[in-house]
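Just need the whole structure built from these sequences, with the hints factored in.
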Amino acid sequence: AAEPWPENAALYQQLKEEQILLSDNASSLAVQAFLQMCNLPIRVICRANAEYMSPSGKVPFIHVGNQVVSELGPIVQFVKAKGHSLSDGLDEVQKAEMKAYMELVNNMLLTAELYLQWCDDVTVEEITHPRYGSPYPWPLNRILSYQKQWEVRRKMKAIGWAGKTLEQVLEDVDQCCHALSQRLGTQPYFFNKQPTELDALVFGHLFTILTTQLITDELSEKVKNYSNLTAFCRRIEQQYFEGHEKDSSTIAGRSSKRSLLR
Amino acid sequence: MAAPMELSCWGGDWGLPSLHPESLTVMAYAKFSGAPLRVNTINNSWRTPKANLPVLVSEDIVISQPAKILNFLRRQKYNADYDLSAKQGADTLAYVALLEEKLLPALLHTFWIEAENYCSVTKPWYASRIAFPLSLYLPGKMSREALNRILLTKGGPPLYSLTEVEAQIYRDAKECLNLLSKRLGTSQFFFGYTPTTLDAFVFGFLAPIYKVCFPRVQLQEHLKQLPNLCRFCDDILTCYFKLTVSGHSPAGQDTADANLQKLTQLVNKESNLIEKMDDSLRKSPQHPPRKLTTLKLAAGGEESSPMSRLSP
Chain A
1 AAEPWPENAA
11 LYQQLKEEQI
21 LLSDNASSLA
31 VQAFLQMCNL
41 PIRVICRANA
51 EYMSPSGKVP
61 FIHVGNQVVS
71 ELGPIVQFVK
81 AKGHSLSDGL
91 DEVQKAEMKA
101 YMELVNNMLL
111 TAELYLQWCD
121 DVTVEEITHP
131 RYGSPYPWPL
141 NRILSYQKQW
151 EVRRKMKAIG
161 WAGKTLEQVL
171 EDVDQCCHAL
181 SQRLGTQPYF
191 FNKQPTELDA
201 LVFGHLFTIL
211 TTQLITDELS
221 EKVKNYSNLT
231 AFCRRIEQQY
241 FEGHEKDSST
251 IAGRSSKRSL
261 LR
Chain B
1 MAAPMELSCW
11 GGDWGLPSLH
21 PESLTVMAYA
31 KFSGAPLRVN
41 TINNSWRTPK
51 ANLPVLVSED
61 IVISQPAKIL
71 NFLRRQKYNA
81 DYDLSAKQGA
91 DTLAYVALLE
101 EKLLPALLHT
111 FWIEAENYCS
121 VTKPWYASRI
131 AFPLSLYLPG
141 KMSREALNRI
151 LLTKGGPPLY
161 SLTEVEAQIY
171 RDAKECLNLL
181 SKRLGTSQFF
191 FGYTPTTLDA
201 FVFGFLAPIY
211 KVCFPRVQLQ
221 EHLKQLPNLC
231 RFCDDILTCY
241 FKLTVSGHSP
251 AGQDTADANL
261 QKLTQLVNKE
271 SNLIEKMDDS
281 LRKSPQHPPR
291 KLTTLKLAAG
301 GEESSPMSRL
311 SP
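Chains A and B are the protein sequences, given in the same order.
Per the numbering used here, the very first residue in the first sequence carries number 1; after that it's consecutive.
Per the numbering used here, the very first residue in the second sequence carries number 1; after that it's consecutive.
Careful, some of the hints might be misleading.
[What the hints assert, rightly or not] DSS-like, lysine-lysine: derived pairs with alpha carbons at most 25 Å apart:
#	chain 1	residue 1	chain 2	residue 2
1	A	Lys95	B	Lys182
2	B	Lys211	B	Lys269
3	B	Lys182	A	Lys193
4	A	Lys193	B	Lys87
5	A	Lys80	A	Lys16
6	A	Lys80	B	Lys154
[Stated by the list, open to error] Label pairs and their in silico Cβ distance ranges:
#	chain 1	residue 1	chain 2	residue 2	range
7	A	Gln67	B	Asn228	36 to 44 Å
8	B	Gly192	A	Asn8	30 to 38 Å
9	B	Ala115	A	Tyr136	38 to 46 Å
[Unchecked claim] Examples of chain A residues lying across from chain B (beta carbon under 7 Å, computed):
#	residue
10	Ser56
11	Gly89
12	Val93
13	Glu103
14	Arg235
I should point out that these hints are in silico values taken from the structure, not numbers from a laboratory.
Yeah, the Cβ is synthetic: ideal placement off N, Cα and C, and Gly gets one too.
This is the structure:
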């Protein structure tokens, strides 16, 4: 039997203004969107050590009742166990497709974001290092960000992305957006009338890419090429986020490192 | 036409043209799109110091990863996806990502990390096809790379030990196989009646799991419970690879052994088919289906002449 969703459910992520990075922000937004779509209220709490509090080392994680669950996949399972699901109405083939597209987003978009943040030297120097270590004093800030960079670069090497140039990575992002755009077509959501976790995930990543200011605009330009994707992001933002004016969860209230979605 | 393109890749066994998933994907795609590829299976030569196979060489261009090779073939007008709609093209990308994320770790584990499998099958097989002394070093290196990849992508907390990671990746792989089976349903290929890029990738990943005889075979047993996927692999093998699986016998001292091995495999396959077609075989000894005549005439491993009679 499912317990009711508690009032004080909380989502933890890193500090929004100074610390959080592109990829973590995307993941966090995806989870927030998913919970909004399920109509489950959640507070967003920003902590500098969110990554270390998380059971899997990845943000975001939610604290519901006395359970802590991190990352979108396990959170979807957890919410389903509580009796809420967005993908129950899909048939088997559609569920297979949904899972495949979610893997595509994780495989290409998330990896590209990680690459850009940690393997592109200019971005690393100017944005990532200052942001990642910002809550900590010197030299801890440099040590932590170098450690993380080394870890991410090892992973990139293991999956074969270390040899890619930035242009190739942007090509891959373009290919991924092209596929998503084709799949979305003119429908309001990926599986027509109802949003699913795939919509939440895609929204999280695309919206973050569109609204984050990086060294160059190349990444967001790739997404802007596809008008149905930008319309999709705007639609979800309006439907699920604009009604909530709480300071910690509004999207419109971002400062210096963000530019608003036009 | 330009000079023929040469593909260097790992060879095959157990009825497969290649044991290596990526090599198999490229070979399958070439067959589906009709690209004229000359396939060089690596056997005891020094040509693979880095073992980054498969490698396509066309005039002076050298291309090494399956996705890039497929792109190159498409640019040369060998396009197996010609009839696909844009949405189906997008689905292809998504399913390939699913295969790489969910199925590949378990595949790598079965081949390279599971101790019994690695020591009794994979290592000797690869070592026999690499020149000494590289054969002492390369298989170990490939195994370490596979372990590295699995641990870095799947091995973070809360999974702290290799056994927990293994349990997770096999669960994911079985789920992936189930999803593929549901997506394939009863159709012959994933997008209708002609095979496409997605079929090449799925075949490349599934066929080694399906055919290679390992001591520890949990993934193979799971796959055998999904008859449509087994039928999919068998169909591609018989329709697209049957005619050349014996045409590239490895040069060198063990030609006879290799041919005998292939003959044994063919005999086993034929005997399975014969059990199914029992009645009609008894009634018509001169039955036109190619499998039976192959069995009768193939004596010393030279199967090219009966095979050429049987091309559709």
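Here is how each hint holds up against the structure:
no.	hint	verdict
1	A:Lys95 <-> B:Lys182	holds, 10 Å
2	B:Lys211 <-> B:Lys269	holds, 12 Å
3	B:Lys182 <-> A:Lys193	holds, 23 Å
4	A:Lys193 <-> B:Lys87	holds, 18 Å
5	A:Lys80 <-> A:Lys16	violated, 28 Å
6	A:Lys80 <-> B:Lys154	holds, 23 Å
7	A:Gln67 <-> B:Asn228: 36 to 44 Å	holds, 39 Å
8	B:Gly192 <-> A:Asn8: 30 to 38 Å	violated, 52 Å
9	B:Ala115 <-> A:Tyr136: 38 to 46 Å	holds, 43 Å
10	Ser56	holds, 5 Å
11	Gly89	violated, 16 Å
12	Val93	holds, 6 Å
13	Glu103	holds, 4 Å
14	Arg235	violated, 20 Å
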